Amino acid sequence: MFWGVASTIVAIFMAVTMIFIRLRASKKPASVKKIILPPIFMSSGALMFLFPEFQVKWIQVLEAISVGIFFSFFLIKTSKFEIQNQAIYLKPSRAFVFILFGLLIVRIVLKLLIGGTVSLGETSGMFFLLAFGMIITWRIAMLFKFKQLEKQLKQTST
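Residue numbering for the sequence shown follows this note's numbering, beginning at 1123 and increasing consecutively.
If you are wondering where the hints come from, they were derived from the structure by calculation, not from laboratory data.
These numbers come from a predicted model, not from an experiment.
Quick reminder that beta carbons are idealized off the backbone N, C-alpha and C, glycines included.
There could be a bad hint or two in this list.
Claimed, not checked - Derived pair list, reagent style BS3-like, types lysine-lysine, alpha-carbon separation capped at 25 Å:
1. Lys-1273 to Lys-1202
2. Lys-1233 to Lys-1150
3. Lys-1267 to Lys-1233
4. Lys-1269 to Lys-1150
5. Lys-1213 to Lys-1202
6. Lys-1233 to Lys-1156
7. Lys-1149 to Lys-1213
8. Lys-1267 to Lys-1155
9. Lys-1179 to Lys-1269
10. Lys-1233 to Lys-1202
11. Lys-1149 to Lys-1233
12. Lys-1276 to Lys-1213
13. Lys-1233 to Lys-1155
14. Lys-1199 to Lys-1213
As the list claims (entries may be wrong) - Listed next, with one range per pair, are the computed distances between beta-carbon atoms:
15. Leu-1234 to Lys-1199: 24 to 34 Å
16. Lys-1276 to Lys-1202: 11 to 21 Å
17. Phe-1220 to Pro-1151: 21 to 31 Å
18. Thr-1239 to Asn-1207: 47 to 57 Å
19. Lys-1149 to Gly-1238: 36 to 46 Å
20. Ile-1205 to Leu-1242: 42 to 52 Å
All chains, full assembly: derive it from the sequences and hints.
Encoded structure:
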């Protein structure tokens, strides 16, 4: 029970932190590095699967990643870039905050639903995979959008 509540508090803290990071990032030009580094840093969390209590079955891996990919479409839809002063900026979206908290609520509900039938370690592993599937898909889409604008920017400057 304690770990379930603690992980929910951490998830809320992370969501609030993400909102502030996203707002601050929209004031500086975007770059390929800023787009691809978060999933690379997050990938170190996969080391949890070295420990048996976090290991999940392949069907659970597929389920978690599929749900993460589905959730990423909401983030992809609200992530738009714009060209300002010959630089590419991530355009802030009011919907992002609501989507992030909506995803958090869905995550909490899912955790409550499966928490009774799946161990805490497996649940942690599945939610890591869900988040990683969501972030990697979202960031790949952002990278494609960024590259398209970058190409457009180079064509207009020549």
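Evaluated hints:
Under the criterion of a C-alpha separation no larger than 25 Å, the hint pairing Lys-1273 with Lys-1202 is consistent with the structure, at around 16 Å. For the hint pairing Lys-1233 with Lys-1150, the CA-to-CA distance comes to about 36 Å; that exceeds 25 Å, so the pair is violated. As the CA atoms of Lys-1267 and Lys-1233 are separated by approximately 33 Å, the hinted pair breaks the 25 Å bound. Of the pairs offered as hints, the one joining Lys-1269 and Lys-1150 holds, with about 17 Å between alpha carbons and a cut-off of 25 Å not exceeded.
Taken as a hint, the Lys-1213 and Lys-1202 pair is honoured in the structure, with Cα atoms around 5 Å apart against an allowance of 25 Å. For the given pair, Lys-1233 sits about 30 Å from Lys-1156 by alpha-carbon distance, which is inconsistent with the 25 Å threshold. Between Lys-1149 and Lys-1213, the direct Cα distance comes to roughly 9 Å. Compliance with the 25 Å bound is thereby established for this hinted pair. Restraint check: the Cα-Cα separation between Lys-1267 and Lys-1155 comes to about 14 Å, which is no more than 25 Å; the hinted pair holds.
Distance restraint check for Lys-1179 and Lys-1269: the Cα-Cα separation of roughly 36 Å exceeds the 25 Å cut-off, and the hinted pair is therefore not satisfied. For the given pair, Lys-1233 sits about 30 Å from Lys-1202 by alpha-carbon distance, which is inconsistent with the 25 Å threshold. Restraint check: the Cα-Cα separation between Lys-1149 and Lys-1233 comes to about 35 Å, which exceeds 25 Å; the hinted pair is violated. Annotation: proposed proximity of Lys-1276 to Lys-1213 holds, straight-line Cα distance about 20 Å (limit 25 Å).
Distance hint between Lys-1233 and Lys-1155 is unfulfilled; the C-alpha atoms sit about 33 Å from each other, more than 25 Å. Distance check on the hinted pair: Lys-1199 and Lys-1213 sit about 12 Å apart at the alpha-carbon level, within 25 Å; holds. As the Cβ distance of Leu-1234 to Lys-1199 is approximately 27 Å, the hint placing it in 24 to 34 Å holds. Between Lys-1276 and Lys-1202 the C-beta distance comes to about 20 Å, which sits within the given range of 11 to 21 Å.
At roughly 26 Å, the beta-carbon separation of Phe-1220 and Pro-1151 lies within the given 21 to 31 Å, and the hint holds. The given range of 47 to 57 Å is respected by Thr-1239 and Asn-1207, whose C-beta atoms sit roughly 54 Å from each other. Our hint of 36 to 46 Å for Lys-1149 and Gly-1238 holds, since their Cβ atoms are close to 44 Å apart. For the pair Ile-1205 and Leu-1242, the supplied restraint of 42 to 52 Å holds, since their beta-carbon distance comes to about 46 Å.
Taken one by one, the earlier hints fail for this structure at numbers 2, 3, 6, 9, 10, 11 and 13, listed in ascending order.
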